[in-house]
Amino acid sequence: MFSSESLISAHDLTKKFGSFTAVDHIDFEVYKGECVGFLGPNGAGKTTTVRMIYCFLPLTEGELSVAGMSVATQAREIKNMVGVAPQEDNLDFDFSVIKNLQVYARYFDISKAEAEKRAKEQLTFFQLEEKKNVLISELSTGMKRRLILARALINEPQILLLDEPTTGLDPQARHLVWEEVRSLRKRGVTIILTTHYMDEAAALCDRILLMDNGKVIEQGRPSELIKKHIGADVLEVDNDEKLLQTLKAEFPDAQFETFGDRIHVFTTQPHGVFERFLEKNPFTNVTIRNANLEDVFLKLTGRGLKA
Amino acid sequence: MTKISDSPVKFAVPRLTYKVWRVWRRNFDVFMKTIRVNFLPSLLEPILYLVALGVGLGGFIQSVEGMPYIDFIAPSLVAISIMYGSFFECTYASFVRMYFQKTFDAIIATPVSVEEVIAGELLWGATRATINSTTVLLVIAAFGVVSSPLFLLVPLIAFLGGLMFASIAMCFTAIAPNIDFFNYPAFLLVTPMFLLSGTFFPLSQLPPLVQTAAQVLLPLTHVVNITRGLVLGRTEAFLLLSLVWIVVVTIVFFVLSINLMKKRLIK
Ligand SMILES: Nc1ncnc2c1ncn2[C@@H]1O[C@H](COP(=O)(O)OP(=O)(O)OP(=O)(O)O)[C@@H](O)[C@H]1O
Ligand SMILES: [Mg+2]
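Protein chains in written order, with the working numbering: chain A, 31 to 337; chain B, 5 to 271.
Hint data in this document are derived by calculation from the structure and do not stem from the laboratory.
Just to be clear, a hint being listed does not mean it is correct.
Dumping the calculated BS3-like pairs for lysine-lysine here, alpha-carbon to alpha-carbon at most 27 Å [stated by the list, open to error]:
| # | chain 1 | residue 1 | chain 2 | residue 2 |
| --- | --- | --- | --- | --- |
| 1 | B | Lys37 | A | Lys161 |
| 2 | A | Lys46 | B | Lys271 |
| 3 | A | Lys129 | B | Lys106 |
Taking the hints into account, I'd like the entire structure generated from these sequences.
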C-alpha cells in the first residue's frame, strides 16, 4: 500500500514557546503514500507539530526533514509540495469563494487559466459551486471548512496536512471529505491528519500517532493498538461498587476503567464471554460492543480513574 | 543535531523575490474591487481643502514666500495624501489583515516567506500613496496651481515617500497590541506632521528650535519640500538633501519594519 521510503522524518523534534515546551523531543517517520493520524487531547501538540512540518513555526531543537529537505533551509521548496488545511479558518475575507482559490493559486505561480480550471473542479467536488461568487462571511462553518480543503488541494500537493478537517461538518460533508482523503491516498498522496473523531481516525489512517503533553506516547495501526491495549470486547455497565466487585471476581484477567458513571470492562478473551455472563446475571443498562480506538485513546491519555 | 538559538528570529537584511508582487497583487485586487468607496471620497477632500483654505482663507493672506497662498498649500495637499495613504494602509489595514483576518498566516503556508508578505504590504502602501496623491495632483492641476512640467516626477516621489511612511507605519503595526494602539502614532506623529511640516505656513514662522526639529526629524517636511519644488518648478539644491534624507530613512525603516514583523509573526 505504501512504500518504506520515509517522506517526513523527525528526530528529537522540540518546540518551546518561551519556557513552555509544546512539543517535547519527539521522533517519528511518515512514509510515502500513507495516511497518518495525529491524535491527542487538546493542547497535546498536534497543531504545533503540523505547523513545523509546513515551515510555519521554526524548530527549537532537533531535526525535521520533508522529502529529504530541511525545514530550516528549504522552506520554499517544501511549501511548494505541501497542501495545508489549517485548524483555524484563515480564508481571505476580502474575496469571494472562487477568488479565494484563484488568489491562493497565484502564490504558487499557477497560471490564471490553470487556477481557474482547478478552482472549478474543487468547487464542484466540494459542492460549493452554488456559492462560487459569495463572500466568505456568508458561508456556513461547514462550507468554510470545505473551502479550506479545496484551497489545500489547489497546488496538487504530494503531501497533505489536514488539521481537524472535519470539525464542524455535517455527516454528508464528513463522508465527502473521507472519500476525498481515500481517493488522494490511492493516488499516492501522503496525508497527515489530526482529528478528535476516533471513528474517522480508524476509518482513514494507516497508522496512528498518539500524542499527550508534547510527547508521542504510542503509535501503530489502529487495529493493532486496539488489540494491544484493549482487546476484543468491551462491556459497559452503570458504576456501582458491588457490581464492580462481582465483575472483578468473574473476570480476573480483564481490565477495568471507570469513566464518570460507567464502568468499562475490557477483555482479550474470545467473543461471547460477556454474553454468557449476562445470561446468568441480568443487569439493566448494559452494552456489549467491539473495542475501538476511543477506548485506546481514553485509556492511554488517562482521563478515567484506573479501577 | 542542529541546535537553533533561543530566539527563533535573527536580525537580517530581508531576502526577497518576485513573490513580493503576489502579495502586492492581492491587495491591488481588493482595491480594484472596492475602488468606488475607496477612491471617490479621496477626490473630494483636496477640493474641500483648496476651496476652504486656498480660496477662503487665502483671501486674507497677501502672499507666502512670494507666491499666492493657494500655490503654497496645494503641493502640501499632495504630500499629505502621500503620508495618509501609506500610513493608514500599513497601520489599520495591515493590522486587520494580520490580526483579524489571518491573511498573513494563510499566505505564509504557501511558497511566500514572511519577509515577502511584509515587503508586499509595504510596496502596496507606497502604491496607495501614489494613487491617492496622483488624484490630488490632478485636482490641483485642475485648479491651475501646477506651473512646471516637473510635476510629472511627483508620482515617483510619492512612491518613495509612500514607502518611507509605510515602513514607519509597519513598525507600529509590529508592536501594536490592539488596533486602538494606532491612536498614538496617529495623534502624536501624523497630526503634528500634518500641521508642522511647512504644509500650511512656512517653517520660518516657528521658533528656531522647533524649526530645526521639524527639518531634522519630520519625514513629511522633506516630502513637502520636494513636492512643492516639483509642482511649482522651484528646484533648489537643498531638495537633493531632502531626497537623500528620504532614501536613507526609507532603507532603515524598510529593513527594520520587516525584522520587527518577523519577530512578531514567527513564534
Ligand atoms: N503561539 C503559541 N504561543 C504559546 N503557546 C502556544 C502557542 N501555540 C500553541 N501553544 C501551546 O502549545 C500547546 C500545544 O498546542 P497545540 O495547538 O499544538 O495543541 P493541539 O494538540 O493542536 O490541541 P487541539 O486539539 O486543541 O487543537 C498548548 O498548550 C498551547 O497552549
Ligand atoms: Mg490543534
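To see whether the hints hold, each was checked on the structure:
{"no.": "1", "hint": "B/Lys37 to A/Lys161", "in the structure": "holds (18 Å)"}
{"no.": "2", "hint": "A/Lys46 to B/Lys271", "in the structure": "holds (9 Å)"}
{"no.": "3", "hint": "A/Lys129 to B/Lys106", "in the structure": "holds (17 Å)"}
Comparing the model with each earlier hint shows no violations; every hint is respected.
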